[in-house]
Structure formats: structure tokens, C-alpha cells
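There are 2 protein chains.
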Amino acid sequence: MPSSLIRSARPGDVPLILEFIRDLAAYEKLLPEVEATEEKLRATLFAERPAAECVLAFAATGAPAGFAIFFPNYSTFLARPGLYLEDLFVKPEFRGQGIGKSLLLHLATLANARGCGRMEWAVLDWNQPAIEFYESLGAERKADWTICRLSGERLRQSARPGPGVHG
Amino acid sequence: MPSSLIRSARPGDVPLILEFIRDLAAYEKLLPEVEATEEKLRATLFAERPAAECVLAFAATGAPAGFAIFFPNYSTFLARPGLYLEDLFVKPEFRGQGIGKSLLLHLATLANARGCGRMEWAVLDWNQPAIEFYESLGAERKADWTICRLSGERLRQSARPGPGVHG
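Chains A and B supply the protein sequences, listed in that same order.
With the first sequence counted from 1, adding 466 to any position gets you the numbering used here.
With the second sequence counted from 1, adding 466 to any position gets you the numbering used here.
Just so you know, these hints were derived from the structure itself, not from any lab.
Where is the CB? At the ideal position from N, CA and C, for every residue including glycine.
Careful: at least some of the hints might be erroneous.
Straight-line C-alpha distance at most 27 Å; calculated DSS-like pairs for lysine-lysine [said to hold, decoys possible]: (1) 608(A) with 567(B); (2) 608(B) with 495(B); (3) 567(B) with 608(B); (4) 608(A) with 506(B); (5) 567(A) with 495(A); (6) 557(B) with 567(B); (7) 608(B) with 495(A); (8) 608(A) with 495(B); (9) 506(B) with 608(B); (10) 557(B) with 506(B); (11) 608(A) with 567(A); (12) 557(B) with 608(A); (13) 608(A) with 506(A); (14) 608(B) with 567(A); (15) 557(A) with 495(A); (16) 567(A) with 557(A); (17) 506(A) with 557(A); (18) 608(B) with 557(A); (19) 608(B) with 506(A); (20) 495(A) with 506(A); (21) 506(B) with 495(B); (22) 608(B) with 608(A); (23) 495(B) with 567(B).
Short derived list, chain A residues pointing at chain B, Cβ under 10 Å [stated by the list, open to error]: (24) 483; (25) 484; (26) 487; (27) 516; (28) 537; (29) 601; (30) 603.
Please build the complete structure, drawing on both the sequences and the hints.
So, in C-alpha cells, the structure goes:
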């Protein structure tokens, strides 16, 4: 496996992070869902208390090759924190060089160092190369669980008027 | 809908929280997976920086009826934080009184107040009453995503030796 470098993202990397997010969304056929902007990424990833962490992977040539965004989650059954991997992406032209694996193992190492009981992420059912890659690393698929989501207008409508709201 | 009270859990509620976790695990047929203890819950939920938040619901009689455990997550596509609901449980004898709905709407209100773009959770495919309940609230099921998990020995084996480890 050629050597690759992985390092934490810095504020100056925001344009690159946005590029990766858009590349990933295009690959997942979800580009219309992307509302991220450089400004929003800067405000959430590089705040005093960041909402998530980002690591970048570079190819042996120094070219930016991929990224991962993650944050802590929590398992009630274990009563321990875990690590949730929100996004993992390697540019098509850098695939097959072990960069995705390096990113995932980097995060597994972080998860262990932080005392996490488990590491979790979600995969699209049609993304067979990703599924095979994850299974080769020993990940199990929780096929009997489905993710539910309340968002946008439906989330806003579900909110009760707060103490400061009259009407 | 009879009135019910929802409040944030306090350190003195830890025995009750553990009872709810075990009740939920038994319902989900996952009791053998529960490693939580009062000590572990206290250390993670009531630390200076808690790993998750817990709210409790009480019936009109004052009896503890249910709970929810949640933490912030992050959407890269929105570049906004979200709210992830790890567990929601209402004791069987208190179901049908709107307590589960009150808990979920309480969290939706919190999510809105905190500027979250979405609220997410996972449901077991065979849990038809829960699925119907969530759909009645306008939640969508992300049926094309599957959760992957690396845990226990497999997670430990995936970790690379850190700078302090030789061998």
C-alpha cells in the first residue's frame, strides 16, 4: 500500500471540504440535498465547540484524495460513547490505493484511544463496493434497523410553541 | 390526551434510567447486549461534558412512564447540527396515553430551539407499532440506508498501534 498522509482539517481547508462533500453527494445521487456552504462549514466545524471533526487524506504525491467527517455518539446499552462516521469519501481517481482503508483504520484507532465501545456509519444499499469494503474490515450490517428522519417543515411543525411564543 | 410531565433526568434518576434501558432491551430482544451499570451511566450522562442527554416522562399520577436518550449529530450536506434520538421507551402499562408522542414532540421542540436541521433515530423492522407511530408524525424512513458497526474485538483489532505502543 503506498504511503498516504492523514491529518486533521484546518480552517483553511474549508473550500476543499466543501468540494469533497459535493463530490460525495454527486456519487450518492444526492447533490440537490447539499445546502452546505463554506460559511456554514466554517461556523460548525471550526467553532469553539465543533459540531463534528474532519480528517483529510492525501495521496503520496501530496494531492488531496479523500476525507472523513465524524462525531461522538452514545450507546445506552453499553453506557459508553462511540464514534459515528457521517461521511467517508475517496476521489475516484485515487481509489484502489488503500486510502479509504487508511481513513477508516485511522478513525478506528481514534475510537479506541477515546474509549469508544463501537464505531458506526450508514451505507447505501446499492453501494456494493462500499459494502464489500466494510465487510472486509469486519464490520457487521444491522440489516434489521431502519433510520427514521424528521426534517425541514415537518420538524418545525412538530415543535411546540416555547415560553416566548404566543399566538 | 392526559397531561404528562417531561423533565431532564438528574443524577438521582440513574437507577430508574437503568431500569428503563433494561426494559427497552428486553422489548427489543437485546437484553444480553446490555452492559450498562449505574456507575457507567453516572460517569457518562452526568459528567462535566455529558456524552448524551436524558429526559424522563411521568404519567398524570406521577409514576415514571418512559424516557428518551439523545445527543447532537451533524449533517454534512446541511452543514448543520441535528438531534439523534438513541432510545425512546414507554412502559407497556402506560402506552396509548400519548406519552411517547409527548416525548418525541418535546425533542422536536428542543431540536428546533437548538437550530437543528433534522432529527433522526433508528427503528427495528419488526416493530410495526413504532413504525406506524413515527410515520403518523411525518417521519420518513430511509429504507435504502443500512447501519454498519465495528465493535468489540473487531474494533480493537482495527486500531493501529499508537505512538506509545511498541511490539
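Checked hints:
1. 608(A) with 567(B): holds, 26 Å
2. 608(B) with 495(B): With Cα atoms ~23 Å apart, residue 608(B) and residue 495(B) stay inside 27 Å; holds.
3. 567(B) with 608(B): holds, 21 Å
4. 608(A) with 506(B): Given pair residue 608(A), residue 506(B) holds - Cα atoms ~25 Å apart, limit 27 Å.
5. 567(A) with 495(A): holds, 23 Å
6. 557(B) with 567(B): holds, 13 Å
7. 608(B) with 495(A): Holds, because 14 Å separates the two Cα atoms, which is no more than 27 Å.
8. 608(A) with 495(B): Since the Cα atoms of residue 608(A) and residue 495(B) sit roughly 14 Å apart, the hinted pair holds (cutoff 27 Å).
9. 506(B) with 608(B): violated, 32 Å
10. 557(B) with 506(B): With a Cα-Cα distance of about 23 Å, the restraint between residue 557(B) and residue 506(B) holds, given a limit of 27 Å.
11. 608(A) with 567(A): holds, 21 Å
12. 557(B) with 608(A): Judged against 27 Å, a Cα distance of about 25 Å means the pair holds.
13. 608(A) with 506(A): It is violated: about 32 Å lies between the C-alpha atoms, which goes past 27 Å.
14. 608(B) with 567(A): Cα-Cα ~26 Å, so holds.
15. 557(A) with 495(A): holds, 15 Å
16. 567(A) with 557(A): holds, 13 Å
17. 506(A) with 557(A): holds, 23 Å
18. 608(B) with 557(A): Holds - the C-alpha atoms of residue 557(A) and residue 608(B) are around 25 Å apart, at most 27 Å.
19. 608(B) with 506(A): This hinted pair holds, its Cα atoms lying about 25 Å apart.
20. 495(A) with 506(A): holds, 22 Å
21. 506(B) with 495(B): Holds. Residue 506(B) to residue 495(B) sits at ~22 Å (cutoff 27 Å).
22. 608(B) with 608(A): It holds: about 14 Å lies between the C-alpha atoms, which stays within 27 Å.
23. 495(B) with 567(B): Since the Cα atoms of residue 495(B) and residue 567(B) sit roughly 23 Å apart, the hinted pair holds (cutoff 27 Å).
24. 483: holds, 9 Å
25. 484: holds, 8 Å
26. 487: For residue 487(A), the interface hint holds, since the closest Cβ of chain B sits about 5 Å away, which is under 10 Å.
27. 516: holds, 9 Å
28. 537: Status holds, d = 5 Å.
29. 601: At about 9 Å, which falls below the 10 Å cut-off, the nearest Cβ of chain B leaves the hint on residue 601(A) intact, so it holds.
30. 603: With a minimum Cβ separation of about 6 Å from chain B (threshold 10 Å), the hint on residue 603(A) holds.
In terms of the numbered hints stated before, the structure departs from hints 9, 13, listed from lowest to highest.
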